[in-house]
Amino acid sequence: KAGVTQTPRYLIKTRGQQVTLSCSPISGHRSVSWYQQTPGQGLQFLFEYFSETQRNKGNFPGRFSGRQFSNSRSEMNVSTLELGDSALYLCASSDDRSGNTIYFGEGSWLTVV
Amino acid sequence: AQSVSQHNHHVILSEAASLELGCNYSYGGTVNLFWYVQYPGQHLQLLLKYFSGDPLVKGIKGFEAEFIKSKFSFNLRKPSVQWSDTAEYFCAVTPIGGGADGLTFGKGTHLIIQP
Chain H
1 KAGVTQTPRY LIKTRGQQVT LSCSPISGHR SVSWYQQTPG QGLQFLFEYF
51 SETQRNKGNF PGRFSGRQFS NSRSEMNVST LELGDSALYL CASSDDRSGN
101 TIYFGEGSWL TVV
Chain F
1 AQSVSQHNHH VILSEAASLE LGCNYSYGGT VNLFWYVQYP GQHLQLLLKY
51 FSGDPLVKGI KGFEAEFIKS KFSFNLRKPS VQWSDTAEYF CAVTPIGGGA
101 DGLTFGKGTH LIIQP
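Chains H and F, in that order, are what the protein sequence lines are. The first sequence runs 1 to 113 under our numbering. The second sequence runs 1 to 115 under our numbering.
In short, the hints are calculated from the structure, not lab data. Computed from a predicted structure; not experimentally measured. There may be inaccurate statements among the hints.
Here are some, though not all, of the chain H residues that point toward chain F, as calculated from beta-carbon distances under 10 Å [what the hints assert, rightly or not]:
| no. | residue |
| --- | --- |
| 1 | Tyr-10 |
| 2 | Asn-59 |
| 3 | Val-113 |
Chain H is faced by these chain F residues, among others (derived, beta-carbon under 8 Å) [as the list claims (entries may be wrong)]:
| no. | residue |
| --- | --- |
| 4 | Leu-44 |
| 5 | Leu-48 |
| 6 | Lys-49 |
| 7 | Phe-90 |
| 8 | Asp-101 |
| 9 | Phe-105 |
| 10 | Lys-107 |
| 11 | Gly-108 |
| 12 | His-110 |
Glycine residues also receive a C-beta, built at the ideal position from the N, C-alpha and C atoms.
This is chain H alone, in the form it adopts within the complex (with noise of 0.2 Å):
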């Protein structure tokens, strides 16, 4: 069975845009959920969703939102770019069974410059 997939893997961006990431859960897998990784502030809870509501979300700015579609899979996006942005975003699915465990993608790595 496939892993988590995210899209793009790498990317570069400037100031001020904006950017979507993508992410294909597991076959099954419903809950979806997204991270931010730096080295300074390690890994950082931003959003879940659910059948295609957002279920919890972490303290990030309004710039930072999401969505999931009726088949699982799930977009964030990031609007007016900084420079702080520049992270690994991890996106991560589970089955929201009790005792689920979650599985991680590989990341999308942006740079913001």
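Got chain H; can you put chain F on it based on the hints?
Here is chain F on its own, set in the frame of chain H:
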């Protein structure tokens, strides 16, 4: 909200040495506990997890962890490390049934194994 503290940010060991990485969490309720590993250039992989039952859990590649509820700890151990264990190790916690903050991670421990 929950929080996780990993005591050692950088650890350097020689091959065949024993390993113990500390992890303490803070949360008022019952939690699920995880250790993830991130090898250089690779994605986060689950090493082991604790949900309930036997507090000593065994994971992949010879790793194990012990949940001590009274100490809010979930330390990772391996009796004899190998050069291939060089990686970043993350302890994570989430409340039973999920939580508003998703998985909360520690800052990570960078482990270097010298041949």
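Hint check:
no. : hint    : verdict
1   : Tyr-10  : violated (12 Å)
2   : Asn-59  : holds (8 Å)
3   : Val-113 : violated (22 Å)
4   : Leu-44  : holds (4 Å)
5   : Leu-48  : violated (10 Å)
6   : Lys-49  : holds (6 Å)
7   : Phe-90  : holds (7 Å)
8   : Asp-101 : holds (6 Å)
9   : Phe-105 : holds (4 Å)
10  : Lys-107 : holds (5 Å)
11  : Gly-108 : holds (6 Å)
12  : His-110 : violated (11 Å)
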